[in-house]
Amino acid sequence: MNHLLQVHSATIQFGGVKALQEVSFHLDQEDLLGLIGPNGAGKTTLMRYVTGINDSKTGHVELSGLKISGLPVYQRVKLGISMSQQLVRPFKSMSFLDNVVFAAGYHKTEKPWKTLFIKSRIQEKQRALTLLERLGIADMAMEMPEKAPLGYLKRLEVARAMAIDPKILILDEPLAGLNQREAEKLADTLSQLNQQGQSMILIEHNLREVMRICSRLVVLDNGRLLAEGSPKSVLSQSHVQEAYLGKELHVNP
Amino acid sequence: MAYEISLLIVMGISITAGLSLNLITGFCGQISLGHAAFMGIGAYTSALMTKNGLPFFPSLAAGMLTAGIAGIFVGLCSLRVRHDFLAITTMGVGFLFLGIVRQQDALGGEMGISGIPDPGLGRIGFLLFVMGCAALVVYLSLYMKRSWLGFAFDAVADDEDTAGMLGLDVTQFKLIAFAIGTSLAGLAGGLYAHNIRFIDPDSFGFVESITVLSMVVIGGIGSVWGVVIASAVLSVLPLWFQFIEDYKLLVYGLLLFSVMRFSPGGLSALCFNIFSFFRKKLT
Amino acid sequence: MLFVELLVQGLLQGSIYGLIAVGLTLVYGLLRILHVAHAGLFTLGGYICVILTNQTGSFLLAVLASMLLVGITGMLIYRICYQPILDQPPFVPLIASIGLFIAMEELFRIFFGAYGLSFTELPLQEPLPFLQVSLKQAEWLTMLMSVGFVAILAFLANRTKLGLAWKATVTDPEIASSFGVDIIQVRYLNFFIGSSLAAASGCMMAVLNNLVEPTMGSVPSYKMLAIIVLGGLGNVRGTLIAAILLGIIESYGTIYLDDLLDRDSIAFVFLIIALMIRPQGLFQRT
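Protein chains in written order, with the numbering used here: chain A, 108 to 360; chain B, 3 to 285; chain C, 286 to 571.
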């Protein structure tokens, strides 16, 4: 059976540290997969492996059966993988709106030489505004990212990642920096998006929302896959509870 | 009259050169410290062709082509290195060009090429042609800024990794910037060669690269009108004021330093700040 | 014996490059600024040395004074020129530095004339034989200095508290600061040491050529950039090795590559090829 996304045995080492050890998982069409685990478990590293930022010595990544390991980042993005990063990187020289307008113009920037002859941004502006509204940050449309609060910048990342109409939308801690009300609202938006057909992978620490909206969970701990399955079944496993909560208690004195 | 015509021609050529670098460094964010080498390639190519009897316009075009191709090669280098490293690499390319030209007798060696034929347009005709080229490059720059090419350049200049994460083929865009920018430099070089009708390696050395860069930087990196004004003024300033000729380099040096130290966005940023300041006062 | 002669020439030239490049890599390692004006300090060092030697008759005094004065000038340059623009994109301090360097060269020309200055009595010219090679004292001193200073720096970096502070600041200024390291002091010291090395190099160049002239920093200005990149930015030992290597390659290269390239571009061919193969430089960054 062809999964939408299949990661086989990812093993990544940074210097002496094994960030990931033979991690495999899959994502199916219309899944809202939650990727959870304590800090340093390797969640971001795993996603950066999928997008192509990090390299793995062994294993590979398949998108709808097509092997994409070895392809540069931008090509994987063109094939349909999009990620909103934990460390936000908005284009500082562009307004909130323009950040998304640029992303929305992905069709137009596909053939570089042709871009000289295309001027219009009207459609993209409309689309960008809609996305900003959907994420509740339309009031910042004309502002520059420089002094914006983190919660806004996070949602800008999400808007940008959404603007390229990806097959798989990967979100790295989009709820961080939001208060409870905002987090709930964003989680609802993401859930709606998923119900409309968007396949998603969500890295999150906010377990409350994760439990609420995710259809499946994958748990990482210390670079290894700990558990996989429905939220209820995964979180009822004792070694998951131990690893996750035990570690958390240990880390926060 | 002849003197004014010469001044205007020099201005036109400088504007073309300045805007050509502005495309690479200002629009696309790729710092280049060896830009004069591309002018040199255009100059030498077109000069050698006209000296061998070929007509002016095709020779000029050939100069643009060779400069553009060389530019693509250097652009490929820019894919491996960034920022400071790129600055040093492009500086190296500039010296490499000089180094090769100096040792080749076929290219005139140290003595350069003299007796470059007159383009046959008459002095005024040549002036109009140069002005036309400059105007064309201004228009191209302004148009490019508004197009999606300019938008892509903005993204690459701002954060090329993030641009890649949004699916942009950053490589292609960098190469385009280099190709267009360097062929326009080749145009400026060809015009220069047929204006002065003598070229030697020293005309396209590191100091010349810095001179063009200073026009871009002082005008305001990325600002088309800023660069136009800075190029025009800086190119003729030493010619206007004889006493500056002697201190030309000192003035350049201090100007470059002061602008970077006090207003890194160049004069265009300075003007913008002054405008906003007054606008705030009035509202 | 041409082989040996070329080798010695290469080592000498490499030593001069080495002193000036090591000074620069200290600055770059700490601040990531391509401090082109460093070459202007090289020239300044040479000028001060010649002037003071001619005035006082003591070469040693002149060298020490030169290193001290230029070191202080370096700190001033940091404070006035670089510190306010550290948060700007990298091309800003680079171009500011280039502007400053050009201005410095012109000031030398305007104040001291375009033809330069020479020693009234050229010091350290006695030939000194060692291991079948007979060089002048000045030439031995130059090579000794380059290795000597690098050794001292290595010792300081690895065995003293100061060196630890420096390494910490290079790796991560914020963490270093939270450990109580005074980053500003480290930077000033860095500029002082780096600049005085440039001065030392300028002094030796003055003695070797019996001439200081306004543009003597031009060629080193760009070669030192190539060298620090090849040597691994901030890597003092690597930089010296790269410098000496370059000196030797230039020496032989001018003979064998004469038809293709002139001497000064050899550095850049070396650089471009090296960067294309290893974009991070030949040696590791410290």
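Incorrect hints may appear among the rest.
Said to hold, decoys possible - Within a straight-line C-alpha distance of at most 27 Å, the following computed DSS-like cross-link-like pairs (lysine-lysine) qualify: (1) B:147 / A:254; (2) A:226 / B:147; (3) A:292 / A:339; (4) A:254 / B:53; (5) A:292 / A:274; (6) A:254 / A:185; (7) A:232 / A:174; (8) A:254 / B:282; (9) A:274 / A:164; (10) A:232 / A:218; (11) B:282 / A:199; (12) A:174 / A:226; (13) A:174 / A:185; (14) A:125 / A:174; (15) A:274 / A:218; (16) A:199 / A:221; (17) A:185 / A:232; (18) A:221 / B:53; (19) A:199 / A:254; (20) A:164 / A:125; (21) B:147 / A:232; (22) A:185 / A:164; (23) B:147 / A:185; (24) A:199 / A:218; (25) A:254 / A:221; (26) A:199 / B:147; (27) A:221 / A:274; (28) B:282 / A:218; (29) A:254 / A:232.
As the list claims (entries may be wrong) - To give a feel for the contact side, a few chain B residues facing chain C, derived at Cβ under 8 Å: (30) 33; (31) 71; (32) 254; (33) 262.
I should point out that these hints are in silico values taken from the structure, not numbers from a laboratory. Virtual Cβ for every residue (Gly too), placed ideally from N, Cα, C.
Against the structure, the hints come out as follows:
1. Note on residue 147 (chain B) and residue 254 (chain A): the hinted pairing holds, with a Cα-Cα distance of about 26 Å set against a maximum of 27 Å.
2. With a CA separation close to 9 Å, the supplied pair residue 226 (chain A) and residue 147 (chain B) stays within the 27 Å bound.
3. Using a Cα cut-off of 27 Å, the hinted pair residue 292 (chain A) and residue 339 (chain A) holds, with the two alpha carbons roughly 22 Å apart.
4. Between residue 254 (chain A) and residue 53 (chain B) the CA atoms are separated by roughly 59 Å; this puts the pair beyond 27 Å, and the hint is violated.
5. For the given pair, residue 292 (chain A) sits about 23 Å from residue 274 (chain A) by alpha-carbon distance, which is consistent with the 27 Å threshold.
6. Under the criterion of a C-alpha separation no larger than 27 Å, the hint pairing residue 254 (chain A) with residue 185 (chain A) is inconsistent with the structure, at around 31 Å.
7. About 34 Å separates the Cα atoms of residue 232 (chain A) and residue 174 (chain A), which puts this hinted pair outside 27 Å; it is violated.
8. Of the supplied pair hints, the one linking residue 254 (chain A) and residue 282 (chain B) holds, its CA atoms being roughly 20 Å apart against a limit of 27 Å.
9. Of the pairs offered as hints, the one joining residue 274 (chain A) and residue 164 (chain A) holds, with about 26 Å between alpha carbons and a cut-off of 27 Å not exceeded.
10. Of the supplied pair hints, the one linking residue 232 (chain A) and residue 218 (chain A) holds, its CA atoms being roughly 20 Å apart against a limit of 27 Å.
11. At most 27 Å may separate the alpha-carbon atoms for a hinted pair to count; residue 282 (chain B) and residue 199 (chain A) meet this at roughly 23 Å.
12. A threshold of 27 Å between alpha carbons decides the hint, and for residue 174 (chain A) with residue 226 (chain A) the separation of about 36 Å lies outside it, so the pair is violated.
13. At most 27 Å may separate the alpha-carbon atoms for a hinted pair to count; residue 174 (chain A) and residue 185 (chain A) meet this at roughly 14 Å.
14. Between residue 125 (chain A) and residue 174 (chain A) the alpha-carbon distance is near 24 Å, which keeps this suggested pair within the 27 Å criterion.
15. Our distance criterion of 27 Å between C-alpha atoms is met by residue 274 (chain A) and residue 218 (chain A), whose separation comes to about 20 Å.
16. Of the pairs offered as hints, the one joining residue 199 (chain A) and residue 221 (chain A) holds, with about 26 Å between alpha carbons and a cut-off of 27 Å not exceeded.
17. Simply put, residue 185 (chain A) and residue 232 (chain A) have alpha-carbon atoms about 21 Å apart, close enough for the 27 Å limit, and the pair holds.
18. Between residue 221 (chain A) and residue 53 (chain B) the CA atoms are separated by roughly 37 Å; this puts the pair beyond 27 Å, and the hint is violated.
19. For the suggested pair residue 199 (chain A) and residue 254 (chain A), the alpha carbons sit about 10 Å apart, so the restraint of at most 27 Å is met.
20. For the hint linking residue 164 (chain A) to residue 125 (chain A), the alpha-carbon distance of about 12 Å falls within 27 Å, and the restraint holds.
21. A distance of roughly 17 Å separates the Cα atoms of residue 147 (chain B) and residue 232 (chain A); the hinted pair therefore holds under the 27 Å criterion.
22. Distance check on the hinted pair: residue 185 (chain A) and residue 164 (chain A) sit about 24 Å apart at the alpha-carbon level, within 27 Å; holds.
23. Annotation: proposed proximity of residue 147 (chain B) to residue 185 (chain A) holds, straight-line Cα distance about 25 Å (limit 27 Å).
24. Pair hint residue 199 (chain A) plus residue 218 (chain A) holds up; C-alpha atoms about 25 Å apart against a cutoff of 27 Å.
25. A C-alpha spacing of about 35 Å is found between residue 254 (chain A) and residue 221 (chain A), which places the hinted pair above 27 Å, so the restraint is violated.
26. Straight-line distance between C-alpha atoms of residue 199 (chain A) and residue 147 (chain B) comes to about 17 Å, which keeps the hinted pair within the 27 Å bound.
27. With a C-alpha separation of about 25 Å, the suggested pair residue 221 (chain A) and residue 274 (chain A) falls inside the 27 Å cut-off, and the hint holds.
28. Between residue 282 (chain B) and residue 218 (chain A) the alpha-carbon distance is near 43 Å, which puts this suggested pair outside the 27 Å criterion.
29. Simply put, residue 254 (chain A) and residue 232 (chain A) have alpha-carbon atoms about 23 Å apart, close enough for the 27 Å limit, and the pair holds.
30. Given the 8 Å rule on beta carbons, the hint for residue 33 (chain B) holds: about 5 Å separates it from the nearest Cβ of chain C.
31. For residue 71 (chain B), the suggested interface contact is broken, since its CB lies about 17 Å from the closest CB of chain C, more than 8 Å.
32. A hinted interface residue such as residue 254 (chain B) counts as satisfied when its beta carbon comes closer than 8 Å to some beta carbon of chain C; here the least separation is about 6 Å, so the hint holds.
33. The closest approach between the C-beta of residue 262 (chain B) and any C-beta of chain C is roughly 4 Å, which is under the 8 Å cut-off, so the hint is satisfied.
Hints 4, 6, 7, 12, 18, 25, 28, 31 from the earlier list are contradicted by this structure; the remaining hints agree with it.
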